[in-house]
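Undergrad: Each chain, written out:
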Amino acid sequence: MNAPPLIEIQRLRVLFRGDDGRTTHAVDSVDLAVDHGATLGLVGESGCGKSVTSLAIMGLLSKRSAEVSGSIRFDGFDLLQAGDQTLRDLRGNRLAMIFQEPMSSLNPSFTIGDQIVETILRHRGGSARAARQRAIQLLGRVHIPSPEKRIDEFPHRLSGGMRQRVMIAIALACDPRLLIADEPTTALDVTLQAQILELMRELKSEGGAAIILITHDLGVVAEVCDEVAVMYAGEIVERAAVDELFSSPQHPYTVGLLGSMPRLDRRAQQLATIDGMVPNMARPPIGCRFAARCPFAVDACTKAPPPLAEVSPRHASRCIRAPLERLVS
Amino acid sequence: MADAALSAMPLAGPQDELESPARRALQRLFKRKGAVVGLLVIVVFALVALLAPWIAPYDPVATSWTAVRKPPSALHWFGTDELGRDILARVIHGARASLMAGAISVTIALAIGVPLGLLAGYRGGFIDALIGRITDAMLACPFLILAIALAAVLGPSLADAMIAIGVSATPVFIRLTRGQVMSVKVEDYVEAARAIGNPPWRIALVHILPNILPALLVQATLSVAAAIIAEAALSFLGLGQQPPFPSWGSMLNAAQRFLGNAPWMAIWPGLVIFLVVLSLNLLGDGLRDALDPRER
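Line by line, the protein sequences give chains A and B. Here the first sequence is numbered in the numbering used here, starting from 1 and rising by one per residue. Here the second sequence is numbered in the numbering used here, starting from 1001 and rising by one per residue.
Only chain B is shown next, with the shape it has when bound in the complex (with noise of 0.2 Å):
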């Protein structure tokens, strides 16, 4: 009788009902004005990235001797540069470059990354101790000459800029994940899936995994921030997306000659840089905010 009473009450509130750990971030996360700005300017920088030849105004190549390093007007809205090309054009086409780069580097260092961090932290034993040493000595190399150095080895392409920049990351995801999974590992439910007869890779992929996400996720977006301005440096110096075709580090390495008598050659990709990695900042610590365990 006392189920019958139970089972006729009503559980939960329609709205509330079946909301998954997912869906309830979410919600946390939109009610942070930076993390939304910062989701919205993403957004907004990806679209101009992917309609760039539909949406720039002239051909980011094309190259005009009777419009050398014009200010801003009502023809060129950001400019010429030093060869009279369109730098509203080169910043929009150069968004391809940087965010992909962003984008691309990051899916590598996670692809590298989480596996060896799974089977580190894991496993644990020797295998942890030699991923361990390994992962050290790639982080006693700061960050940038490592991506530098790399690139330099590879060659100088945008290509070649990437892998190296996502090699150079991948050190901080190697431990980032060991670390997440030794803490969950020892969780009960954890226990559990062994006590229900799940073997090693299962209990890995398929209970630990999912748990780790949120911290990747962070990192993730932290991460796309960092290579994107390390693709600016490496392009910037030469090693990332090679002339004629913009990037917004090689536009800024064009415009540091021109500093005095042109200087919104650097200020638009410098501007958009920074809006860029400010708003993946915003939406990571915006992410953090709204993954944090403790807050649930």
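If we strip away everything but chain A, and leave its shape as in the complex, we get (with noise of 0.2 Å):
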């Protein structure tokens, strides 16, 4: 693994100012790397920065309203200093993103072909008649029974996961590196959560595009994903392998969460739960963000900010007391 990562984040912490004058620390100091062709989960309870991460790689961020600082390499650009016109040509060729809710990410007033259509042409120039020969393939690549029918179809003619699978083509249309798919199975029903991520693992092992898949459901991180990193109230508190993750969390929050994680394999008459509440972003916590609700805080906890650090090889926790094996022993 000495080639370099095909994105790198270092430092990424995004501001938001609010009218008031008060500011929130969505994202702080967040450090990520993806490999070519990888496939990273991003794990958190709503809240937690996940997506504000994501917009800050796509550079969405209102400029207004955020303030982005740290730097993001990606594919020999640094994002966070590329002009506009270098992020639109970015956007949706090397760089594409699938949103969480496919109700409302197509544009009612336009077919499902002419969306794919128009990103090809925005990317790739060339022919209509050639952008609609792609388009159909890209349906049929993302299982869209009889392509060359629907892809004269509104949107308001297809169900959620159809539409899902559209964003999907949309996203894929120019063969993008890196595809962000924020939460993209959140808004489905179970089953067609299933097909979608089916449909993930089938890019997946086609090559190509890493993947950073955000998500809350450490279910389908398990399904779908090679590393994970979890995310709580704007920091990263762990990150590993998946298997690694699993199967020694590093961090009481990572512990809480497979803890509250519904099982079929065993019986319970209560989840486990974390108590407490996310701390007031407006005013973080000096010492570890998490020690409040921290069954295991001590008073060096509070005191000053934890690093992250490597528990063993390529897994990385913001826990002072990790490992914890020896805590609960």
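I should point out that these hints are in silico values taken from the structure, not numbers from a laboratory. Keep in mind that this is a model prediction, so the values were computed, not measured. For each residue, glycine too, the CB sits at the ideal point set by N, CA and C. Be a bit skeptical, because a hint or two may be false.
Claimed, not checked - Short, incomplete list of chain B residues facing chain A, as computed with Cβ under 8 Å:
#, residue
1, S1020
2, T1063
3, E1082
4, D1128
5, G1132
6, G1179
7, S1183
8, Y1189
9, E1191
10, A1192
11, A1195
12, I1196
13, P1199
As the list claims (entries may be wrong) - If you want a taste of the chain B side facing chain A, the calculated C-beta under 10 Å gives, among others:
#, residue
14, P1021
15, A1022
16, D1059
17, G1125
18, N1198
19, P1210
20, L1213
Hints given; two lone chains; assemble the complex.
TA: Here's what the structure looks like:
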């Protein structure tokens, strides 16, 4: 693994300045890297900064309200320093995104074909006829039945699962190097979730695009990803290979998340919960952001922010008490 | 295998396949009696205006001293005015002035208001504040008063009246467009359009504008009705169509001196103004219902 990663995020920080002068630290010193063709899961609860991170990568945060600092190196570009035109040329081309809400992410005024063709023509040019042929191919690739007929449908005639497939087809239109999927299955029912995940797995095995999969569902991560980063209150608290994270979580928050997952193979009267509340991000605590809810917290935890330190090779945890095994025994 | 089974299934009935949102709205519109009647009346009046020189029974400006203020008869169906001109012919030719005034002034209002509204709503910030304050200032004056004042400054002619009405109707379109743009620009599909690398102008024109057209269409229809009334009012005050050429408003102006002994001079132009404005409002209401997103 000596080749530089496809995307390398360093000290990414996003501040939102409200009208009332308050600032919210949505994302704080996030470091991430994804190799070519790899799949990274970004996990965490609502409001922990997963989506803001992805929007920052795409350059879709409004400059007026968000202050982004740090560096995002992607494929030879520094995305945070790049001009608007450069970013627009990357978006939809080498850098693609799938959104959470398939029901509202397609423009109701145009056929799905128009919307795929638009992306192809924007970045690849060529004739409208060739772009249409490619659009039909793409619809076939995401398993939409009779794509040559469906291509002229308006979005309202498609179900949520179909629309999400169309969104994926748009994202794949220009063979992106990096695909960011922001909770692609959250709005879908369980059967469709499985189908879309199957599709993501297929894309992965066909090689090519690296995927950042953003989700709050650890089950999804276990099925699709190679590596996982767990976010809490704007920070990455743990980063490891999937198997490693599931077998030996090294941050109390990850442990809590795993404990709160319903499982088929174990009967439980009650699912474990994590007590307490997420800290107010307008005034984040000085020490560990999870300390107030942490069963393992000691005085030192609230004194200084814990670093993201390696517990074992390629397994990092932002907990001064890691490894946790010795605490529970 | 599952895919093969799926593709073998009929996807949709032959009729409703590939129907666009515009066509569905049209189908809903045609289910509303009021809107259909309104549309028919407007089409009839538009045809009358277009074909005026061929269907008018007399020259609308030809005077006749032998037929002054005659009540309706077989010879003059709507009667004659104080100079012996045929009122039917004048109503028919007046339709040109009135409908043109309605259509052209609203076109002017759209041409100025929609781009400014798009700019204000999409860009926000200082530009929005600037356009917004100017709009507020214009809306502080009642529509008709503003139109009269502008027409008085520009001078008495039909063209100037149309400009005056168009400019007075503009702030409504700026504000409507701005509001619609602000609600549409936060939609996920606009974010998705940015995510595939569209430049801002293309997002505003190609992705947002088509989705706010329904609201603009409804407002434009209702504004044509208001513009026709405004033109009639301006002509009534002598600021619109100049004599001897007819417009419904100037006919009413002439008729007011003879209300007692020649009421037909006022009734016919009044009736057609009423009919056209009512029809436009019926059509506008029908369009609003047919295009209402909540009924989709």
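Undergrad: Given B:S1183 as an interface hint, is its Cβ closer than 8 Å to any Cβ of chain A?
TA: With Cβ-Cβ at 13 Å, over 8 Å, it is violated.
Undergrad: Is the interface hint satisfied for B:Y1189? The criterion is a beta-carbon contact with chain A at less than 8 Å.
TA: holds (4 Å)
Undergrad: Should the interface hint for B:G1179 be scored as holding, given a Cβ-Cβ cut-off of 8 Å against chain A?
TA: violated (18 Å)
Undergrad: Under 8 Å, Cβ to Cβ, is where B:S1020 needs to be relative to chain A, so tell me if that hint holds or is violated.
TA: holds (6 Å)
Undergrad: Can you verify the interface hint for B:D1059: is its Cβ closer than 10 Å to any Cβ in chain A?
TA: violated (49 Å)
Undergrad: Classify the hint on B:T1063 as holds or violated, based on whether any CB of chain A lies nearer than 8 Å to its CB.
TA: Result: violated, 55 Å to nearest chain A Cβ.
Undergrad: Double-check B:L1213 for me: the hint is only fine if its C-beta lies closer than 10 Å to a C-beta in chain A.
TA: holds (8 Å)
Undergrad: With 8 Å as the cut and Cβ atoms as the points, is B:E1082 at the interface with chain A?
TA: Violated. Min distance 54 Å.
Undergrad: For the hint on B:A1192, just tell me whether its beta-carbon gets within less than 8 Å of chain A.
TA: holds (5 Å)
Undergrad: How about B:I1196: closest beta carbon in chain A under 8 Å, or not?
TA: With a closest approach of 3 Å, the B:I1196 hint holds.
Undergrad: Given a cut of 8 Å on the nearest C-beta pair, is the interface hint for B:A1195 held or broken against chain A?
TA: holds (5 Å)
Undergrad: Verify the interface restraint on B:N1198: the C-beta must sit less than 10 Å from at least one C-beta of chain A.
TA: holds (7 Å)
Hints 2, 3, 4, 5, 6, 7, 16 from the earlier list are contradicted by this structure; the remaining hints agree with it.
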